[in-house]
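Go ahead and model the full structure; you've got the sequences and the hints to work with.
Each protein sequence line maps, in turn, to chains F and Y. Per this note's numbering, the first sequence starts with residue 3, numbered consecutively. Per this note's numbering, the second sequence starts with residue 3, numbered consecutively.
Hints were generated in silico from the structure; no laboratory data involved. All values derive from a computational prediction rather than experimental measurement. Relax, there's no trap hidden among the hints.
Since copy identity is lost for identical chains, a pair holds within one copy or between any two.
SDA-like mimics (lysine to any residue), calculated; alpha carbons at most 25 Å apart, straight line:
# : residue 1 : residue 2
1 : Lys137    : Gly220
2 : Lys412    : Leu30
3 : Lys219    : Val149
4 : Lys236    : Ile365
5 : Lys412    : Met383
6 : Lys412    : Asn259
7 : Lys412    : Leu252
8 : Lys219    : Val343
9 : Lys412    : Glu296
Number of protein chains: 2
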Amino acid sequence: MWRNILNKIRSLKPAQMIVVYYFIAIALSFFLLRLPGVHQDGKAINLIDSLFTAVSAVSVTGLTAINVSETYTTFGIIVLMFILQLGGIGIMSLGTFFWLIVGKRIGLRERQLIMTDHNQYNLSGVVKLIIEIIKILLLIEAIGALVLAIYFTQFYDTWGEAVLHGVFASISATTNGGFDITGESLIPYANDYFVQVIIIILIILGAIGFPVLIELKGFLSNKSGVFRFSLFTKLTTITFGIILLLGTILIFLMEINHRFQGMDWHEAFFYSFFHSTSTRSGGMVTLDVSTFSEPTQLVMSMMMFIGASPSSVGGGIRTTTFAIAVLFLINFARGREQIQVFNREIHLIDVYRSYAVIILAMILTMASIMTMMILEPRHSMIEVIFEVTSAFGTAGMSLGITSELSTASKFILMFLMFIGRVGLISFLFMIGGNNKKAKYHYPKERVIIG
Amino acid sequence: MWRNILNKIRSLKPAQMIVVYYFIAIALSFFLLRLPGVHQDGKAINLIDSLFTAVSAVSVTGLTAINVSETYTTFGIIVLMFILQLGGIGIMSLGTFFWLIVGKRIGLRERQLIMTDHNQYNLSGVVKLIIEIIKILLLIEAIGALVLAIYFTQFYDTWGEAVLHGVFASISATTNGGFDITGESLIPYANDYFVQVIIIILIILGAIGFPVLIELKGFLSNKSGVFRFSLFTKLTTITFGIILLLGTILIFLMEINHRFQGMDWHEAFFYSFFHSTSTRSGGMVTLDVSTFSEPTQLVMSMMMFIGASPSSVGGGIRTTTFAIAVLFLINFARGREQIQVFNREIHLIDVYRSYAVIILAMILTMASIMTMMILEPRHSMIEVIFEVTSAFGTAGMSLGITSELSTASKFILMFLMFIGRVGLISFLFMIGGNNKKAKYHYPKERVIIG
Ligand SMILES: [K+]
Ligand SMILES: [K+]
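Laid out in structure tokens, this is it:
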């Protein structure tokens, strides 16, 4: 019987396997979060909310129907950190790591698996890549934790507390988990620019995409003076930067006479910059985002919908999808057939992929918004839109309605977080079944468009 | 000097010419609406609202910042009917008609012009086509006017009044103008199924697309028994039908325990069916749509965004664009490279076009919603979304905020109505400048998507 199941798993396509593995990770996390000693005395939560936390942590989203600091023990918080690492590093990478540790050779099948998870196209060096991923992520987290723990000693009575808060904040920021054990995200540090800068750096390092970090490392350690960044790195980094900057400017301008009224320019700037970063998928806040005006909340929703870089801890349609859509539009209007950017041509299949991802993302989010509006008549439209895009972009910010939602709505959000983490391309290939080429052709016929 | 201007116009591309002609039509309509005798005594309106009415009528949208029946004289109403015809039949077709009347031969340039307006790809038979368009439209309008005028005699004191109301309702429905001279759209006929059925038929005939009507005529007059409907006709008609049906079902289900509570099933059905039809671009209402629940209003907004068939009096991204996007997604998920439907293959260039139209439409409507939300803090998000999609889809329904909008918002709506009527493909080619093929190629490089 086990052999049968194993054979069935082996016959799955990589994209389908990814989904299976994520399911297993969620099941494991759910089990861990139900262990005795995880909940504070008398604070046991129901099964749905445990599942919700498990999905949210594996997908490093950060939406929760419960208050973490009031629900979990220190042991529970350590379990949560472990789940965030599972999600952040990627189950495939971690799996590879364990394989390496126990000395097994990585076969082509496992390589393909990892490849699909991080959407890499180059088969060679995948193993090296995964080790790099884990090394880099742990290094970033360790530095972040060290800096924050030392800094936090001034706020906490014991070293133990300072270290717990420092490590948790570092992991939560770097994995873009967005969870907090302060009970109110980073609002206690709303005027502490040092903490905010550290957190912003950690969030960006997690959300910018691992290939970018690896190329950056290659560039820094390169001595020949000739180093070419890949088209992907250029495209995703510049898009990431433009969205981050544009978001900061928009939030600043839209709230300067509203929420930021009477503030110093640097206060207003930091609030804008921090929450623009958070939409990249960080999910932490330094103020109650429900006090922003509706247009600002809508801008943030759109930014969360776009999300972070591919092969990062973030979700959404991803920066490259958005960039290719915009570049396609510009080139199409100019009557050009190819998208040329940075002296390179975008491959046609990638244009197709971006189209499929955008259409599917639109259908999924619109259907979710519609359904949740019907299910939650007490909540306003922007509250629902914000919640849905936050789940899909695995950002985890909320206008405060998560705990009041019906079970059906919670399942919708879990589905969106799952999809957001797995990525729409993997999801599409998963539901798509067998890749068959058409064996016959029909005559082509034009139709009238737009 | 005139020769210079004429030469400049001649050097324009067809898509650019279309835009120029629409501008002229709006200017002419604006001038006509400022003629003495158009306004009732003491009911003169400001220039912005006249311009708004002109754009709304030329684009057969039906949004107005003023109450038509309380503002315009009978002469004004006749002027309005003339402008609706200008918009409905299409300025290009009308231009061709006049050329024919004065006996001039139609050159290739003029043919191309008409071709772009109705996005036809077959050059031959364009002149015949235009005559067909006008004949069919006038015939439909005449029959509708006759039926309605006779029926209306029971409600009005004089034959004159009944005829005026019958003719106006018929033109407003067939051109999908959506204007009314009752002061409250079709609400007076909310329980009159006869009037509603006639209006629904007229709206659908206008919005289904002229190529469909012409092929239908060909099919009906065909005696050989062998008649093949084009891929376009099949695709647009089936999509139109599915959206109409789905909209009816959704409105029915979503309002049955809300707005339709306590109503007979046939009443609820007719309200659902009528307002689903209206989103295709008809724009008339039999009840105050602001009394629907928010989810229903959002569904209607999405339906208006999709809009009617190409080469019809409707707007939006058009049915074929939507259909190709969905078909593309399904085929992509199945790993197929070509879209096969009705034993035909969709041309690649049409897939590209649909992508460009959807991205541009998303950017335009989202930017409009954002800006109007900032400009109109007194109005709710759904009111703004409904207004924007109604303008873009040239539907003309409103949750009642049009007259309270700022001048800036009115200009945004005018822009959207204009784009909605011209069509995004024409608009893209207009702003795109010269169609140049790339003279050199860069190496292709893959990037990671979604
Ligand atoms: K997050
Ligand atoms: K209309």
